[in-house]
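Participant: The chain contents come next:
2 protein chains.
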Amino acid sequence: MSERVATGESAEMYLKAICELMTTDPLVPISSLADRLGISVVSATEMVHRMRDQDLLEHKRYKGVRLTEEGRRGALDIIRRHRLWERFLVDKLKLPWEVSHDLACQLEHATGAEVVEAMATFLGEPTHCPHGNPIPTPDGTMTFRPGLSLETLKPDENCIVLRIRPETNAALSYLASHGMMPGVQVIVKSINAFDHLWTLEIGGQEEILSKAMVSRVVVQLVDDPTEDQEVEKEHV
Amino acid sequence: MSERVATGESAEMYLKAICELMTTDPLVPISSLADRLGISVVSATEMVHRMRDQDLLEHKRYKGVRLTEEGRRGALDIIRRHRLWERFLVDKLKLPWEVSHDLACQLEHATGAEVVEAMATFLGEPTHCPHGNPIPTPDGTMTFRPGLSLETLKPDENCIVLRIRPETNAALSYLASHGMMPGVQVIVKSINAFDHLWTLEIGGQEEILSKAMVSRVVVQLVDDPTEDQEVEKEHV
DNA sequence: ACGAGTTATAAGGTTAACCTTATAATAAAT
DNA sequence: ATTTATTATAAGGTTAACCTTATAACTCGT
Numbered sequence: 001m002s003e004r005v006a007t008g009e010s011a012e013m014y015l016k017a018i019c020e021l022m023t024t025d026p027l028v029p030i031s032s033l034a035d036r037l038g039i040s041v042v043s044a045t046e047m048v049h050r051m052r053d054q055d056l057l058e059h060k061r062y063k064g065v066r067l068t069e070e071g072r073r074g075a076l077d078i079i080r081r082h083r084l085w086e087r088f089l090v091d092k093l094k095l096p097w098e099v100s101h102d103l104a105c106q107l108e109h110a111t112g113a114e115v116v117e118a119m120a121t122f123l124g125e126p127t128h129c130p131h132g133n134p135i136p137t138p139d140g141t142m143t144f145r146p147g148l149s150l151e152t153l154k155p156d157e158n159c160i161v162l163r164i165r166p167e168t169n170a171a172l173s174y175l176a177s178h179g180m181m182p183g184v185q186v187i188v189k190s191i192n193a194f195d196h197l198w199t200l201e202i203g204g205q206e207e208i209l210s211k212a213m214v215s216r217v218v219v220q221l222v223d224d225p226t227e228d229q230e231v232e233k234e235h236v
Numbered sequence: 001m002s003e004r005v006a007t008g009e010s011a012e013m014y015l016k017a018i019c020e021l022m023t024t025d026p027l028v029p030i031s032s033l034a035d036r037l038g039i040s041v042v043s044a045t046e047m048v049h050r051m052r053d054q055d056l057l058e059h060k061r062y063k064g065v066r067l068t069e070e071g072r073r074g075a076l077d078i079i080r081r082h083r084l085w086e087r088f089l090v091d092k093l094k095l096p097w098e099v100s101h102d103l104a105c106q107l108e109h110a111t112g113a114e115v116v117e118a119m120a121t122f123l124g125e126p127t128h129c130p131h132g133n134p135i136p137t138p139d140g141t142m143t144f145r146p147g148l149s150l151e152t153l154k155p156d157e158n159c160i161v162l163r164i165r166p167e168t169n170a171a172l173s174y175l176a177s178h179g180m181m182p183g184v185q186v187i188v189k190s191i192n193a194f195d196h197l198w199t200l201e202i203g204g205q206e207e208i209l210s211k212a213m214v215s216r217v218v219v220q221l222v223d224d225p226t227e228d229q230e231v232e233k234e235h236v
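Residue numbers (the working numbering), protein chains in the order written: chain A, 1 to 236; chain B, 1 to 236.
Be aware that a few hints might be false.
Since the list gives no way to pick out one identical chain from another, each pair is judged satisfied if it fits inside one copy or across any two copies.
As the list claims (entries may be wrong) - Cut-off 16 Å, straight-line C-alpha distance, at most; resulting in silico cross-link-like pairs (EDC-like, lysine to aspartate or glutamate): (1) Lys92 x Glu114; (2) Lys211 x Asp102; (3) Lys94 x Glu58; (4) Lys94 x Glu114; (5) Lys189 x Glu157.
No lab work stands behind these hints: they were computed from the structure.
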């Protein structure tokens, strides 16, 4: 993770986007990529070709795109830079949790290895970003804390938020405004199967969220559901 | 100094360069500009035209370029961002003094007002960069500590280094390797008028520097030249 | 006041990263 | 198996920021 692998800011954005979209399927359709980056499919295809020529990825026609080992290294490098900047912005500069993502997007492209590693030391080698996602190590490893999607829970189940994912500013702001952030306790109150609305108790407050939002939250079950109030005190 | 005035990284570099070259003459020839930015005169001229159309500067044919009020504001904004990043890199990340300039050049373009001001607070509202140059205030003021060029001194004169200027990585590294940095005491030992070499005592070490390098150092005279050793202890 | 040297402009080229519109190839679903 | 929807490619355009080479305009020193 020492020398920069991608040429240009743009390629870095592509690598990061592919990495994020990879979680559902390792083969990422160019259309999803274009969609996420807010550019046309034609432009994305062009860029994919350029990146294929640089051995950053493979392209299976009509199927999608998959990172090569070199591409994966580059992607993790950028994600490391990104998440370290997020930690800095939140922990040191006390900037709001929700805006740190977009601000880090600017900074991540302007940071070489020397600065990133000095930052990591300065921040105390953090392992997770403020949104709960793991920070890749310099040797290219990224391990998620085991958890399950909030949408798999049933009413009355009790959990702690591990992370929000994928990270986009709009979603982060929205969830933050409902108190949804890593470390917070959530209890499923009821699920309306008809219009897909979830009523949740988030850190003691009752909130209603759509299934789409609920599906972005990864949690860890709290096995001991004796008295809600008691458990809450333990964990918040 | 809130909203960004310049379009693109490149324009920001031009503004900064003009501001630095302005110190000798308020009318900066395009050729000097091109020289400093390491680009062709034709390209610099093109860019100057674009920036003139954006009212960032005026161009007096065959004379040079002068910043408008808007351009000046933009330039000071970038210089503020740049010098705050330098302080961060040196003070917090403990990166070497000489490399901080180039690293800050990357970061300065990736930082909006919110981050810069949060940084300033975090750093304790510093007034000078690690090379001794003043950090502009958010309202667009920049005041130099009064000083004189080291090249105006005579043998046996005694001074403290205030700043190095203009900042370029090569010059900073070179001067740093000879112990020349703000706060250090310098005594002029002898000046060879023939090949323009200056023999100096820099922080107790005898060093030889060219006139070109000496001219980049701004100092403050030490009025009390009783016993060199004594004075040194007071000031280092 | 003229010629050397500087400065500006004109003309045409390059690259990266985007765009639109139109057509062709393939996958998936009836 | 054929239609529909997705995906890819072809063709041509745009913008910012650079480049070179050539020519024109101007300044300044003698």
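Participant: Hints first: check each against the structure and report whether it holds.
Facilitator: Evaluated hints:
1. Lys92 x Glu114: For Lys92 and Glu114, only the inter-copy Cα distance (14 Å) is at most 16 Å; the intra-copy one is 19 Å.
2. Lys211 x Asp102: Intra 24 Å, inter 47 Å, cutoff 16 Å: neither.
3. Lys94 x Glu58: Neither way: Lys94 and Glu58 sit 40 Å apart in one copy and 40 Å across, limit 16 Å.
4. Lys94 x Glu114: between (24 Å within a copy, 11 Å between copies)
5. Lys189 x Glu157: Within one copy, since 8 Å is at most 16 Å while 81 Å is not.
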